[in-house]
Amino acid sequence: MCDIIWCKKEVGGKPCDTINYLDPYCFWNWEGKINCAECGTVYYIHMIQGFMYIGPEERPGEEPDIMPLYADKPFDGYSNYRPGVEGRTRPYECKPRAQLKGVADMVKFSIRGRPVRGWRPQPPSAGLAGSFAFNWDIQKLSPEVWEEYQKKLAAGEVKDW
Amino acid sequence: MAKDPRVTNIEDLPGPKSKGEMEEWKMPYEEYCKKIFDVGNEHAKPRPLKGIKWLSCTMYIFTPHSVANLAELGAECIKIEMPRMGDAMRHTSPFNECYLYPLHDTRPMTGTGLGFTNANPNKYFITMDYHIPEMVEIFYGLVKKFDGLTELYRPGTLDKWKMSYRYLSEINPRFIYVWGGGFGYGPKIFGGSYDILGQAHAGLASISGMHEFMGGHCTKQTNWVIDWQSSNLITASILAAIHHRRKTNLGTMIEFSQVQVPTRMLGHTTTMYGKFGIVRQRWGNWDTQLAVHGIILCGKSDFPDAENPQDKFDARYAMVSAFQDADFKELCAITGMKELYEKYKAHKDRVEGEAQVEIYSALERWAADKSRSEVCKILNNAGLLAEPVRNDREVYESPHYRERGTVRWLDDPLFGDMLLHAGYSSGLMEKSPRRINWHWRPVGADNKKVYNEMLGIPLSKIQEWYDKAYI
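Protein chains in written order, with this note's numbering: chain A, 1 to 161; chain B, 1 to 471.
Since the hints were derived computationally from the structure, they do not count as laboratory data.
Being a predicted model, the structure only gives us computed values, none of them experimental.
Treat each hint with caution, since some may be false.
[To be verified] List of simulated lysine-lysine pairs, DSS-like, C-alpha gap at most 25 angstroms:
no., chain 1, residue 1, chain 2, residue 2
1, A, K9, A, K33
2, A, K140, A, K159
3, B, K338, B, K370
4, B, K35, B, K431
5, B, K370, B, K300
6, B, K3, B, K19
7, B, K35, B, K50
8, B, K247, B, K50
9, B, K35, A, K140
10, B, K377, B, K312
11, B, K188, A, K33
12, B, K160, A, K8
13, B, K188, A, K9
14, B, K160, B, K145
15, B, K34, B, K431
16, B, K348, B, K275
17, B, K338, B, K377
18, B, K162, A, K73
19, A, K108, A, K140
20, B, K145, B, K162
21, B, K26, B, K53
22, A, K73, B, K188
23, B, K53, B, K449
24, A, K73, B, K160
25, B, K160, A, K14
26, A, K8, B, K188
27, A, K108, A, K151
[Said to hold, decoys possible] Beyond 10 angstroms from chain B on every Cβ pair, some chain A residues (computed):
no., residue
28, V11
29, M47
30, G84
31, Q150
32, E157
33, W161
Yeah, the Cβ is synthetic: ideal placement off N, Cα and C, and Gly gets one too.
Let's have the full structure, built from the sequences with the hints guiding it.
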């Protein structure tokens, strides 16, 4: 789950009242300092298994280790800092984590030998605004796979189960 | 024929002439079931939820599956996704390998992962960026025409965007609104949830798996059972809300916290704590109420020469049941555990923890030189219940599932040959069965159908939105 730091620091005579969201991927087991996206107050936290074990405790004058991913102010019409606001929130580049950048296995036929659209690239839809019809015309769109399929049929490699 | 036309004689009616004859004419029950359920011919029968129209602003499994249930039952369901990206679950594929292409016209090298399976069949897929005020108006237009909506954003997010039940019920008082998410309102309102977190938070994981003295740990189900189960319960709530609306003509809001659901699956656990202060232990593959009634490890694999490690090494488990006194006596006789029978003749004795450890250990020693199928055969021949623990391949090859249509192949209109294993697993219905039309469609595949054909927006406008990435 995502925990938060609700910053109540007095700034200019009224509380900051900013909710800083702690992205669970980064904070599940984490110890360190994080800044408030609005007023910059640095808080120390220690999370174990997603549970806020220590903190948030103010650490004035210290540098944060990491920034929150997103922050908003519920008492100010939910004005917010989206990801990647310089000096306030963490950049979020929408990239898969390194260990997920493998090469996908491609398949053209299911285990019973019939065509399945498991390879790339595929031709685009040619429809309006990304719309697709309800028919995959394999003979027209992927003639080489169609030919391979005909050979499989002739060789008796296409089964019911 | 009777003289008085108001009198009906059974002899005058077609069909059997006596109760005995009626019994005689009846086809065997199995034949009767085969005929009325007519597996494989579901599409020739009416859709039970035809006429219901549902919007789905959902991601992952939990909330999409609650709408998939409606779509399988014949409701017209539209899933609204992020332009160009789609549901995050499309990018979640087991081991990053199993994709079907394409995802979207602009991303020919990206596919939809098989993690998307089962939670999205039969839906129509459109894209919309709610942050654009112009698109919020279009969203309101859909709300006017639809029966309900399921969403999963952080609590209050759609409220912030003026798209929550408070606002939508003013546009459409018959609207049924479902919020499904992690914790819901309460002390953890900011908490998001994943299935595994739900299993952990509600105490389900703490009673799953073997005890630590047996080398076990608290365990989560490999699959995301809480996601699937929670969504089934949401669908039950939706159907109840639709019925309520027939009586009152008013919609309703359903707020569904995912972490509540595992508490419902804990049986007597919490009540027992309330009564006695006992915190339940996990007991893994055995049973706390019945003995013998559990899974044992056999010594040899059924497929020692197989390439797949799941077959080669793992096909060694068997479920064994012999908790009745007579069955337990037979089990002990056949496995040479006569002294154990003498010791644990009464069920109340053998269901105790220490007794179970002794009995199951003895059973595993007996099975140490046998394969799983040998164990099952010996016990079945003795009239005892025993069943191998099957893997996916064996489920695929099971004649039982094939005959009932539980596992079957579908020629998906867009993606080709795909194996179905869940769409037809929710019970058979005679008159109006569930059916799968397609597994899923690419991101925005039905933009034209919905925006143009349903809402009457000109094609040029749709193209303009598309070019600006509003849709």
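Hint check results:
no. : hint              : in the structure
1   : A:K9 <-> A:K33    : holds, 16 angstroms
2   : A:K140 <-> A:K159 : holds, 23 angstroms
3   : B:K338 <-> B:K370 : holds, 20 angstroms
4   : B:K35 <-> B:K431  : holds, 12 angstroms
5   : B:K370 <-> B:K300 : holds, 6 angstroms
6   : B:K3 <-> B:K19    : holds, 24 angstroms
7   : B:K35 <-> B:K50   : holds, 24 angstroms
8   : B:K247 <-> B:K50  : holds, 19 angstroms
9   : B:K35 <-> A:K140  : violated, 40 angstroms
10  : B:K377 <-> B:K312 : holds, 20 angstroms
11  : B:K188 <-> A:K33  : holds, 22 angstroms
12  : B:K160 <-> A:K8   : holds, 22 angstroms
13  : B:K188 <-> A:K9   : holds, 22 angstroms
14  : B:K160 <-> B:K145 : holds, 23 angstroms
15  : B:K34 <-> B:K431  : holds, 13 angstroms
16  : B:K348 <-> B:K275 : holds, 21 angstroms
17  : B:K338 <-> B:K377 : holds, 20 angstroms
18  : B:K162 <-> A:K73  : holds, 17 angstroms
19  : A:K108 <-> A:K140 : holds, 15 angstroms
20  : B:K145 <-> B:K162 : holds, 18 angstroms
21  : B:K26 <-> B:K53   : violated, 41 angstroms
22  : A:K73 <-> B:K188  : holds, 18 angstroms
23  : B:K53 <-> B:K449  : holds, 15 angstroms
24  : A:K73 <-> B:K160  : holds, 11 angstroms
25  : B:K160 <-> A:K14  : holds, 23 angstroms
26  : A:K8 <-> B:K188   : holds, 18 angstroms
27  : A:K108 <-> A:K151 : holds, 14 angstroms
28  : V11               : holds, 22 angstroms
29  : M47               : holds, 13 angstroms
30  : G84               : holds, 15 angstroms
31  : Q150              : holds, 15 angstroms
32  : E157              : holds, 13 angstroms
33  : W161              : violated, 7 angstroms
When held up to the earlier numbered hints, the structure conflicts with 9, 21, 33 and fits the remainder.
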